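Student: Construct the entire structure; sequences and hints are all you get.
According to the numbering used here, the sequence shown is numbered sequentially starting from 16.
These are calculated hints, taken from the structure and not from any lab test.
Computed from a prediction, not measured in an experiment: that's the story for all the values here.
The beta-carbon is built from N, C-alpha and C at its ideal position, and this holds for glycine as well.
One should not assume that every hint holds.
What follows is a list of derived Cβ distance ranges for each label pair [to be verified]:
| hint | residue 1 | residue 2 | range |
| --- | --- | --- | --- |
| 1 | V101 | L65 | 16 to 24 Å |
| 2 | T17 | G68 | 26 to 34 Å |
| 3 | A29 | T115 | 26 to 34 Å |
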Amino acid sequence: MTSIETRLDSARLALKYGIGLAAFLAGLDKFFNLLANWEGYVGPLAKAVLPVGPTTFMYAVGVIEMAVGLAILTRWTAVASYVAMVWLVLIAVNLVTTGTYFDVAVRDVEMAIAAYALARLTEVKEAAVPVQVQSRSQATAA
Numbered sequence: 016m017t018s019i020e021t022r023l024d025s026a027r028l029a030l031k032y033g034i035g036l037a038a039f040l041a042g043l044d045k046f047f048n049l050l051a052n053w054e055g056y057v058g059p060l061a062k063a064v065l066p067v068g069p070t071t072f073m074y075a076v077g078v079i080e081m082a083v084g085l086a087i088l089t090r091w092t093a094v095a096s097y098v099a100m101v102w103l104v105l106i107a108v109n110l111v112t113t114g115t116y117f118d119v120a121v122r123d124v125e126m127a128i129a130a131y132a133l134a135r136l137t138e139v140k141e142a143a144v145p146v147q148v149q150s151r152s153q154a155t156a157a
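Tutor: Here you go:
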């Protein structure tokens with residue numbers, strides 16, 4: 016790995032562990048409400064269309080967030096990061112409908128951008144690995 020690849024990979028790993036752990040822990044907290052009263056973040060439009068109450072909905076959200084967080088931390092980083100990106104944008108839209116959590120909505124949009132950056136960096140790294148292995152094999156054969 017070249018110096019620039021090492022530096023880029025350190026940024027990718029920081030995003031991977033930061034976003035993956037944040038998603039998993041936020042999902043886990045949906046069952047304990049230590050960080051926030053998560054039901055309060057469900058907007059009026061979401062409440063109107065949900066077939067279940069906000070608490071039950073947040074339990075389902077927690078399971079999904081934990082699964083996405085674990086996927087980001089494993090070999091599914093790129094795909095799970097795209098899922099997290101869309102998920103975070105949808106959360107931000109929901110928060111705007113509450114009329115109160117604009118600061119959290121902005122934070123979630125920024126996290127969505129970070130998830131996109133992680134997905135792209137992961138795709139670039141995964142595409143480069145076979146090329147590097149192939150180049151080394153050809154050099155050894157010559």
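Student: So, for every hint listed, does it hold in this structure?
Tutor: Verification of the supplied hints:
Separated by about 19 Å at the C-beta atoms, V101 and L65 satisfy the suggested range of 16 to 24 Å. For the hinted restraint 26 to 34 Å between T17 and G68, the CB-CB distance of approximately 54 Å leaves it violated. Look at A29 against T115: about 31 Å separates their beta carbons, and that is inside 26 to 34 Å.
Against the hints set out earlier in the document, a violation occurs for number 2 only.
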